[in-house]
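Undergrad: Following the hints, position chains B, C, D and E against chain A.
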Amino acid sequence: MAKKKRITQRYSRSKSKLGKAPGHISYVGLRDKEPSHLQLITYNEHNFKQSEIAHKQLPVKNELETTLLNIVGISDEEAINNIGSHYKLNNLLLEDVMDTLQRPKIDEYDEHLFGVFKMLYLDGEKQIKIEHVSLILLDKQVLIFQETDEDVFGGVRERIINKYGRIRSRGADYLFFALLDAIVDNYYVVLDDIRENLESLEEEVYENPTKESAKKIQTLKKEILRIRKWVFPVKEIVNRMLATESSLIDKDTKIFLRDTSDHCTEINEDIVLYREMVTSLMEMYMTNMSNKMNEVMKVLTVIASIFIPLTFIAGIYGMNFTNMPELNSPYGYPLVWLSFIIIGLGLLIFFKKKDWL
Amino acid sequence: MAKKKRITQRYSRSKSKLGKAPGHISYVGLRDKEPSHLQLITYNEHNFKQSEIAHKQLPVKNELETTLLNIVGISDEEAINNIGSHYKLNNLLLEDVMDTLQRPKIDEYDEHLFGVFKMLYLDGEKQIKIEHVSLILLDKQVLIFQETDEDVFGGVRERIINKYGRIRSRGADYLFFALLDAIVDNYYVVLDDIRENLESLEEEVYENPTKESAKKIQTLKKEILRIRKWVFPVKEIVNRMLATESSLIDKDTKIFLRDTSDHCTEINEDIVLYREMVTSLMEMYMTNMSNKMNEVMKVLTVIASIFIPLTFIAGIYGMNFTNMPELNSPYGYPLVWLSFIIIGLGLLIFFKKKDWL
Amino acid sequence: MAKKKRITQRYSRSKSKLGKAPGHISYVGLRDKEPSHLQLITYNEHNFKQSEIAHKQLPVKNELETTLLNIVGISDEEAINNIGSHYKLNNLLLEDVMDTLQRPKIDEYDEHLFGVFKMLYLDGEKQIKIEHVSLILLDKQVLIFQETDEDVFGGVRERIINKYGRIRSRGADYLFFALLDAIVDNYYVVLDDIRENLESLEEEVYENPTKESAKKIQTLKKEILRIRKWVFPVKEIVNRMLATESSLIDKDTKIFLRDTSDHCTEINEDIVLYREMVTSLMEMYMTNMSNKMNEVMKVLTVIASIFIPLTFIAGIYGMNFTNMPELNSPYGYPLVWLSFIIIGLGLLIFFKKKDWL
Amino acid sequence: MAKKKRITQRYSRSKSKLGKAPGHISYVGLRDKEPSHLQLITYNEHNFKQSEIAHKQLPVKNELETTLLNIVGISDEEAINNIGSHYKLNNLLLEDVMDTLQRPKIDEYDEHLFGVFKMLYLDGEKQIKIEHVSLILLDKQVLIFQETDEDVFGGVRERIINKYGRIRSRGADYLFFALLDAIVDNYYVVLDDIRENLESLEEEVYENPTKESAKKIQTLKKEILRIRKWVFPVKEIVNRMLATESSLIDKDTKIFLRDTSDHCTEINEDIVLYREMVTSLMEMYMTNMSNKMNEVMKVLTVIASIFIPLTFIAGIYGMNFTNMPELNSPYGYPLVWLSFIIIGLGLLIFFKKKDWL
Amino acid sequence: MAKKKRITQRYSRSKSKLGKAPGHISYVGLRDKEPSHLQLITYNEHNFKQSEIAHKQLPVKNELETTLLNIVGISDEEAINNIGSHYKLNNLLLEDVMDTLQRPKIDEYDEHLFGVFKMLYLDGEKQIKIEHVSLILLDKQVLIFQETDEDVFGGVRERIINKYGRIRSRGADYLFFALLDAIVDNYYVVLDDIRENLESLEEEVYENPTKESAKKIQTLKKEILRIRKWVFPVKEIVNRMLATESSLIDKDTKIFLRDTSDHCTEINEDIVLYREMVTSLMEMYMTNMSNKMNEVMKVLTVIASIFIPLTFIAGIYGMNFTNMPELNSPYGYPLVWLSFIIIGLGLLIFFKKKDWL
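Same order as they appear, the protein sequences are chains A, B, C, D and E. In terms of the numbering used here, the first sequence opens at residue 41 and continues consecutively. In terms of the numbering used here, the second sequence opens at residue 41 and continues consecutively. In terms of the numbering used here, the third sequence opens at residue 41 and continues consecutively. In terms of the numbering used here, the fourth sequence opens at residue 41 and continues consecutively. In terms of the numbering used here, the fifth sequence opens at residue 41 and continues consecutively.
Be aware that a few hints might be false.
Since copy identity is lost for identical chains, a pair holds within one copy or between any two.
BS3-like cross-link-like pairs, simulated, lysine-lysine; straight-line CA separation at most 25 Å [stated by the list, open to error]: (1) Lys294 x Lys96; (2) Lys203 x Lys60; (3) Lys203 x Lys294; (4) Lys394 x Lys251; (5) Lys275 x Lys169; (6) Lys145 x Lys294; (7) Lys256 x Lys394.
None of these hints come from the bench; they were simulated from the model.
In isolation and in its complexed conformation, chain A is listed as follows (with noise of 0.2 Å):
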């Protein structure tokens, strides 16, 4: 393909998974297995602290304190199972984890309440980054289980830090929207680099398309149908968490809820708008090749209908006949110039009240 694939998250779920029992708890993704690595940090309003832990001594719950523990790396299935036996995670649960094609969801249990969620962010050179991270809210805890070192929580956490913002003096629920808003948040950078490259693109198309503009045009199609399907299911997530009546998500946290709900639909319309732009934009480049096209066939069609008839009569006097009176006549020869040019003249005005000039 010419334009390297941006996205690249995609492979055979079927594969690994294939007569598999359901809950069975495995790794699925492109890395290699790596041990998790654990972060903890535990605030109140007045303390902070920050530490890296090992699986096997996870904290327990902390009646005065918010804990958030970031989970790195989502393919160390000893890890996963001895976090999930501590906070009685179920098996199913732990498979979506570590399951990074699961769609995004929200699922309620009595004691917690879990996300799945895609990240999207772009990486230094500009490329869309797809990562799969799950978040589960528990009493004053949040878990976040992420694949790699990189995401799109260093606002939370510096927030957190230093005590910008309101997050120090909320709870659990409201670190939980913050992450989620965080995700949200990015899906905005992503849309802008997508529209970016939408008006570029049709810069490229109005101004001098070529060949290669419709195999980008399509590219972006791609990209815009696959964000859009890890994108769109997050809207009606946050719906449900307006909706729910879970002890776990105060009311005080449903109206900033209520905000992202917001964000949520004008994404999702963004989303939309882009996908028609596009559809446009492929109009447009066909529209613009066929006027090329009919630019070419003008070009020939002017420059074969004047001389075509011309080489005809070229070709008349160029005949061997023996009695041509016309060639021995001393006005034979400026006489056949003078039709050259009256033709040719001629036709030329034809044309050009024919707007082909």
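TA: What follows is chains B, C, D and E alone, placed relative to chain A:
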């Protein structure tokens, strides 16, 4: 791009907000930061007063009069904060007031009703202008936050000043409705402009399509898509106002809102209709281009098909074989001319019959 | 535009209403302002009376008779106001009566039911006419506001006069239904006309498409889109009348309305169907044009491909080299002719085999 | 039109009904008015009787037997009226019985259930026939109103006569279901015919598309659109029968109706599928036509591009300048031939490399 | 057709069923009638037994064990009838078991739950196979009716035999779920195959589209449409199982079903996505074909436009007029060559500037 882009309000929200806490109040827009200025109108059926005030001298509620506070300029964070705390407005709300990219919406609070809209209007050069406007309905008071001096509320102010219609005798909820109605009425103006553009483009495409026409059609389509984005949500907003049980909106005012809801339905239908018409127009353009191509090809075909065979005949008798009996026959030359005429006419008749001439 | 636009009711509402207060009563339409004239019909099973009245002598309700008041001309503000206050009609309602661009709708009031519709009918020259009509159902009385003398209610009046059917023995609600039914029946007439146009265009496109055909198809499509705009809402209106709990409409009358609802469903389906058919027709047109182009290219290709190589051969022996042995051979000239025939026939067979002839 | 239109039932309802009162009973169809004839079948588990009766000797209800009255011919207003008053049928119902353009629907009355359907079946020449049929279910009795002798109920009658299956042991509601089921089963026949047409057209388009193919595709598309119109509403009808609380339909019969509902779902899905496939087919046709055009252009381009330059070279040495040294050189003529061969082969190789040969 | 049709299960249901009574049990399919053979598995947490049985020795319910009866071959009417009466299955149900064209569905009965599905799997040659399968859940027992030996339940049987996962410790409802889950998991395999085809076709279209590519795209599209037909209803089925109040399905099993429902959502979304991508691919193909045509035309235009005028000039000096002074001038011939070169280069530069070279 060929045509000056008419709708220009559009830039990256992601760059200005990413990593900030939700409810963080900062101006999101393209204008320079300038101090807000406030215009205060108080009126009842008998009295009317208008004055400029500073944001440190905000008025207290007056049970006998309706107050309209018009804040022009939404980049002055200090002023906005001041007003916010005076009227006990939520930080998330103030964020939306200053976020010029916020999608139209309505939020109900216990003490007030908060609506975000886009004013669409035509400026002097018939360019479509989009301005972010927030309307807040409190008991006996209405606040307008707008970006610039220019607005679509001139008619409402005149009716208050001149005591025209029922506006002076009704409360703040009617004022809120009147402002909303003015916004919606201006959508008609913009749509009428779109329709006029559509019709003149239609004429261009039918009568004399050029390469530019396609670009104009696509630009118009994008304008319609963008207007749709800002205008479509308004219908839902009005319907939610009709369904609200908030005591802020009187039952009598809802009769008027029902009318506005009808208008929104009509506007949305028109946008859909124009969208379909612009698609038809593009189709027609393509057809016309294709017909033009057909004509070009016909001319080439007719001229080439007539003269190429004739040139071949002339070529035959231009050969230099020694024994070509025709060359020396006295009838040779006239007979060749006869064949030219017969073949030429024959082909002409053939093309005439095929309707290519 | 090639074809005379058939549907002409369409102009800028925005220009006439912008900045006016809602409920401001003024005529919105293209006709000159003229005084309204009023026709009064009163009837019961036994009696019937018909008279012209002035708008200052409006009738009082008669418990024993059904009253039909027909107001022709909706630009006479004084008359409309007079009638409005006599029947205690809301200003917003009167505004809609005079606003010829008002979308079809039904509003329920405590004392009356107010419906706005579009009469569609064919005039003498088979042009589609659109007229704004408002029907008001009060207890024992029906008011019709219409733009001109022409209407679609002739059949209803005849049935009243001639005591045909059940109309004389039933109340005002049945009369309201009968008028609505007459409006809907005329949609069939207009749709039949559309269908006939569609079929004749279809024949034109299949048999002998010209450049004009595309314009005609597009014009028809626009007509269908516009009719859809006025006709589609009627189904919802009828369904709301069926669901109403207003005492103005009798249960028996609803059986008839159910029939009208069925008709509306059918009409809406037909409009959708015709829309699809017109799209197919455009597709067919494009295909035909493309086939024609194919044929043109084939003719060019066949003629040019045969004669260009032959001309080259003739050109060879028209060269003036001194030592061209073929020229002096007695077989040269016949052999060249042989090659002409063989090459020509060979190419003919080749094209025949390709099915291009 | 190229292909004989297969579905012919279609003409202007508007012309025959406009201005008539609703419930006015008159035949709306294309056939000549003919007297109806009536066939009466009575049966129970043990007895069976079949007879022709006159419409003046209508049977009375028989508590012990199920009665099937089959009225053939719906243009005999006297007979219809007679039957209507005997069975206490509403005038609006009778109107629908005689209106061959009536959309399929079901109406529940207190004493009977009234269904309007379209029988679709293939006649001897594989033409699709559409016939208007009304089924009325009364207590212990079923009435069929049909246009002609031909129907799709042969199987049902045979099962009654031959006591096959459970039909003889069940009541009138099962008979009603069996008739409806027979109608729906015949939709499969028609759809299978459509599918066969689609497949043979598909083969034609893939193997040897002609200009006629496009017309055939469009005709098939129109057939599908029209069948959709008559068949789609049946699903809703069956679902309303399933949901009815009328005592006329037994709970046991509803189990069978559920099956019919499944069939309707499948039929509707198939119609949608065929619609999509016919669109694909048209697309494929266009692609094929475009590919053919490509081939034509390639042949022209190859031949013209090779011989036009060669002809030019031959033309050079056909010039009559006195001092053209090449002409007198003994190598001149062979060298020109060499250049012919080199240029010709070069271009051939060029075109070969471009894959145009 | 170019490509071997991969999905072959499809023939006329209408021919085999028309005129038969509903609930008439007969095999509807393409295979020869063969005797069914039955495989019986009984297990609980501790025991496991597997045996082949005859349809006359059907097992009785065993309160302590879960029974899985696998009936292979559904054309043996006697066996099916026997099984039906042993398990008290409805005739309509048995009809659906044998009707290989039956749409997927679920029917709840008092004593059992009846599901019809399509197994989709790839055979050895990567052809998509469709097989009709019915699952019946009774208390403690599950029946599978399938067409052939081949199925997708190998993994489930292995888990039972090897006591892997929780299947042995759970009841019949979990077994039912596990079978359904295996069916759904195989949809992923088929979809992955579709996706691979799509991607290889995409590469073909982008790199080297041929006439065959269009057919392959259309064939793939038809495959997707047909898979959609069989797979789409499954989601609704699972959701109805989730909502059922039947005591046959345990609350714990529903947690697993929720997972299956998620998978169905994802599968349906993927089908929609692939459908859109195949449409894009066709569009891309058309664009590529159109670009190729453009290139062909450019070559023709460049060559013809350069040499046709030059040939004309050569033609002039090939004329035989007696007084053509240029012919005798010693500069004549070189000057003509100069004009050849200038004109030729001029046109080359012109075409270069137009980017046609």
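Undergrad: The structure should be examined with respect to each hint, and the outcome stated for every one.
TA: Now the hints, each set against the structure:
{"no.": "1", "hint": "Lys294 x Lys96", "in the structure": "neither (35 Å within a copy, 33 Å between copies)"}
{"no.": "2", "hint": "Lys203 x Lys60", "in the structure": "between (47 Å within a copy, 13 Å between copies)"}
{"no.": "3", "hint": "Lys203 x Lys294", "in the structure": "within (22 Å within a copy, 43 Å between copies)"}
{"no.": "4", "hint": "Lys394 x Lys251", "in the structure": "between (30 Å within a copy, 15 Å between copies)"}
{"no.": "5", "hint": "Lys275 x Lys169", "in the structure": "within (21 Å within a copy, 30 Å between copies)"}
{"no.": "6", "hint": "Lys145 x Lys294", "in the structure": "both (18 Å within a copy, 17 Å between copies)"}
{"no.": "7", "hint": "Lys256 x Lys394", "in the structure": "between (36 Å within a copy, 23 Å between copies)"}
Hint check: a violation occurs at hint 1 only; the rest are consistent with the structure.
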